[in-house]
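Protein chains: 2
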Amino acid sequence: MTTPTLPFAARAAGLVGSIIDSSTSLLHKQSHDVVRLAMGSPAAEAVPSEILAGIAATELSAPGAYDYAATEGDPPLQAALLEMLHGSSDQTTADRLTITAGGMQGLDLFCKIFVDPGDLVTVESPTYTNGSATALSYGAQLLEIPVDDHGMDVDALERLVDEAGRTPKAIYTIPTFQNPSGVTMSLQRRLRLLELARQWGSMIIDDDPYGLLRFAGEPLPTLRELGGGDPLVFAVRTFSKIVAPGLRVGWVDTAPELQPLLINAKQAMDTCTNLPGQRLVTGFLTGGHLDEHLIKQRAEYKRRKEAMHTALEEHFGDRARWTDPDGGFFCWVTIDNVDTTALFEPALAEGVAFIPGSAFSPSGRFTDALRLCFASTPPDRIHQGVARLRRAVDLLAKG
Amino acid sequence: MTTPTLPFAARAAGLVGSIIDSSTSLLHKQSHDVVRLAMGSPAAEAVPSEILAGIAATELSAPGAYDYAATEGDPPLQAALLEMLHGSSDQTTADRLTITAGGMQGLDLFCKIFVDPGDLVTVESPTYTNGSATALSYGAQLLEIPVDDHGMDVDALERLVDEAGRTPKAIYTIPTFQNPSGVTMSLQRRLRLLELARQWGSMIIDDDPYGLLRFAGEPLPTLRELGGGDPLVFAVRTFSKIVAPGLRVGWVDTAPELQPLLINAKQAMDTCTNLPGQRLVTGFLTGGHLDEHLIKQRAEYKRRKEAMHTALEEHFGDRARWTDPDGGFFCWVTIDNVDTTALFEPALAEGVAFIPGSAFSPSGRFTDALRLCFASTPPDRIHQGVARLRRAVDLLAKG
Chain C
1 MTTPTLPFAA RAAGLVGSII DSSTSLLHKQ SHDVVRLAMG SPAAEAVPSE ILAGIAATEL
61 SAPGAYDYAA TEGDPPLQAA LLEMLHGSSD QTTADRLTIT AGGMQGLDLF CKIFVDPGDL
121 VTVESPTYTN GSATALSYGA QLLEIPVDDH GMDVDALERL VDEAGRTPKA IYTIPTFQNP
181 SGVTMSLQRR LRLLELARQW GSMIIDDDPY GLLRFAGEPL PTLRELGGGD PLVFAVRTFS
241 KIVAPGLRVG WVDTAPELQP LLINAKQAMD TCTNLPGQRL VTGFLTGGHL DEHLIKQRAE
301 YKRRKEAMHT ALEEHFGDRA RWTDPDGGFF CWVTIDNVDT TALFEPALAE GVAFIPGSAF
361 SPSGRFTDAL RLCFASTPPD RIHQGVARLR RAVDLLAKG
Chain E
1 MTTPTLPFAA RAAGLVGSII DSSTSLLHKQ SHDVVRLAMG SPAAEAVPSE ILAGIAATEL
61 SAPGAYDYAA TEGDPPLQAA LLEMLHGSSD QTTADRLTIT AGGMQGLDLF CKIFVDPGDL
121 VTVESPTYTN GSATALSYGA QLLEIPVDDH GMDVDALERL VDEAGRTPKA IYTIPTFQNP
181 SGVTMSLQRR LRLLELARQW GSMIIDDDPY GLLRFAGEPL PTLRELGGGD PLVFAVRTFS
241 KIVAPGLRVG WVDTAPELQP LLINAKQAMD TCTNLPGQRL VTGFLTGGHL DEHLIKQRAE
301 YKRRKEAMHT ALEEHFGDRA RWTDPDGGFF CWVTIDNVDT TALFEPALAE GVAFIPGSAF
361 SPSGRFTDAL RLCFASTPPD RIHQGVARLR RAVDLLAKG
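Chains as they are written, first to last, in my numbering: chain C, 1 to 399; chain E, 1 to 399.
None of these hints come from the bench; they were simulated from the model. Don't be surprised by glycine CBs; every beta carbon is placed ideally from N, CA and C. Errors might be hidden in some of the hints.
What the hints assert, rightly or not - Sample of chain C residues facing chain E (criterion: CB under 8 Å; computed from the structure):
no.	residue
1	SER61
2	TYR68
3	ALA216
4	ARG248
5	LEU275
6	HIS309
Said to hold, decoys possible - Anything over 12 Å on all C-beta distances counts as not near chain E; from chain C, calculated:
no.	residue
7	ALA80
8	GLU83
9	ALA268
10	ARG303
11	GLY364
12	ALA387
One chain only, chain C, in its complex shape:
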């Protein structure tokens, strides 16, 4: 039979992801040596695979390890998580915690519960692509708020919301070691952001996957802490960057009165978070592995960021600027007079992968910028990758 085409257009959910998708698709097709500075994954050697395999041997032989979990999360994980957060800036109570399939599902849950078509949602510019994509998939109107070296420009937020003539339903921010820029929102701005949200009655989506990966500077209180339990703050967290991304285990910290809605919404998404992954995280936490693991990772990520800065200085000192993150995974590089989307294929041919800047803006801004992930590549390879990137820039200039 001939294949009929669909009689109506499928909605282009998450269309902004297309640059990343085509980039990663191209990347998978490369057989030659490529320095992968593109994806935001922990280094393979940063994933505690041996410890997790050891935990699997006991936890996944326990009765019920493959059953449906409670939709709000496996009770032992909730208990271990409460203990982990005790004394931290994210200290909380059991009635505020819901386990999710990674941080991404926290964002999806927020949007499923709160975002109606046409609602205004502000996003940082640049921002995490899949975060803005999920808001778009529920029909949000996005308003991009500039980011500088001190995080989201909260004065610009106030001005742009004023110009929009209506207050946002939600303000989406990654306040610490932001994806993709690596910058951190100052304390003063965090406090002002909370003031504005309260004044407007807007929810804040406080997405903080990297906060525990600080390798320089002084810790800042999270928006969760500064909000003091305010239901306007919807905190999204994940084990993806600090333990292992493939487990798909994260959590949200919200006003307790939201939990019944979160449970209803999550039941209509995936019923529950996979239980083996929850049990593995539980074992990792109760086994006391997290602190040592984080100390090791922070030191290594610091070394890698410094290697990236040295390499950028060497190869791009004359024609680019870059951010100076105190933690996390990413540097954001702006190169004079280069179209970074056009740069992607020649760079791949030279043997280096990155994500073009326009992937991080729903309106396609930042055509002269790119995101480099320093976390997943050892220092010598970072040097090699940045040198290749410079060669690609020069080749592109020559046509």
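Dock chain E against chain C, hints included.
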């Protein structure tokens, strides 16, 4: 501080789930002996935990077992799944398969991609609560189509759509051993359903979690097979009922041109399906365990259904009717002059749990019906549970 309330109503995503939620919440609080005929889980002893634990010992020590997976699914699982489906009614090709976080995510993906606010979606009446909930969460208008002993009444579908004055965007069906009724759509109706969908340009959501659990009667071709690759058929499948629900691994089989959209939409849901769960399913399939496992489960579920029928005949022969499923998990029981929602608490006090019928209808129909799961309880306990149910009915009648 006092906790301010939210300044706007959170959307009641999945509100129809509330009866089930409050039921299960009540259930969790029971400390006495309760025969649990409520939830649609495989029997604890039906989950091949020992085999999976053995697979975990090898698969979860392999390199990369905790990394991000490809959004469309781990290639070894896709390969094993293709092989599993070869020669079955769901035989397919690699470009049509996308791995999901259980069948539930398949339904959520469908709605995220296709359902716009106000779109008409038909659901069976009664239907799977979380299926209708996810459609509602994207703003669908639901139209309930009666189900009889031969599945969805396709003549009624035609008539009700005609009365609605517009064609549906999607027709949601569980054609085989339906949840909650246990009935199976006849071949004639399957063919007519496909004709109507083509005539209207409507998508069919072919949700078939139980099809491999047939213990009586002759197999029928799936809508996937009858559709012959028609892009109008969106097939949703899962390992939850045939291997283990806690793994959260399922798949959708769709027109290849939908896969880029599925990848985009899934990236904005959970990035990828948990990789340990995918590796465990891969090991189960490539280890050749599925066939023997299914043979065993089918025999046991048959025994349990027969036990339930015998018990119903004994205790309700005078005042109830029930369906006669050829497979799957559920019997649907209609009791004369009983409000099954009001029955829930007294039944729990007597020591038996079920789901009231109205939970399976977005408009709250079936107040005199209830769903019993025979799959997760051994025959002697099923007898005990049905006897208790009768006592609760008599107590309720006495006031």
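Comparing the hints with the structure gives:
For C:SER61, the interface hint holds, the least distance from its beta-carbon to any beta-carbon of chain E being 4 Å, beneath 8 Å. The criterion of a C-beta within 8 Å of any C-beta in chain E is met by C:TYR68, whose closest approach is roughly 5 Å, and the hint holds. Restraint check, C:ALA216 versus chain E: the minimum CB separation of about 26 Å is more than 8 Å; hint violated. Annotation: interface hint on C:ARG248 holds; nearest CB of chain E at approximately 4 Å, less than 8 Å.
Interface restraint check for C:LEU275: the shortest CB-CB distance to chain E comes to about 3 Å, inside 8 Å, so the restraint holds. At about 26 Å, the closest approach between the beta carbon of C:HIS309 and any beta carbon in chain E exceeds 8 Å, and the interface hint on this residue is violated. For C:ALA80, the non-interface assignment is confirmed: its Cβ lies about 18 Å from the closest Cβ of chain E, beyond the 12 Å cut-off. Consistency note on C:GLU83: stated as away from chain E, and its beta-carbon is indeed over 12 Å from all of that chain's, at 22 Å minimum.
Once the 12 Å rule is applied to beta carbons, C:ALA268 is inconsistent with being away from chain E; the minimum gap is 4 Å. No Cβ of chain E approaches the Cβ of C:ARG303 within 12 Å, the least distance being about 22 Å, so the stated non-interface status holds. The claim that C:GLY364 lies off the interface holds: its Cβ sits roughly 16 Å from the closest Cβ of chain E, which is beyond the 12 Å cut-off. Listed as outside the interface, C:ALA387 is consistent with that label: its C-beta sits roughly 27 Å from the nearest C-beta of chain E, beyond the 12 Å cut-off.
Figure legend: structure checked against the earlier numbered hints; hints not met, in rising order: 3, 6, 9.
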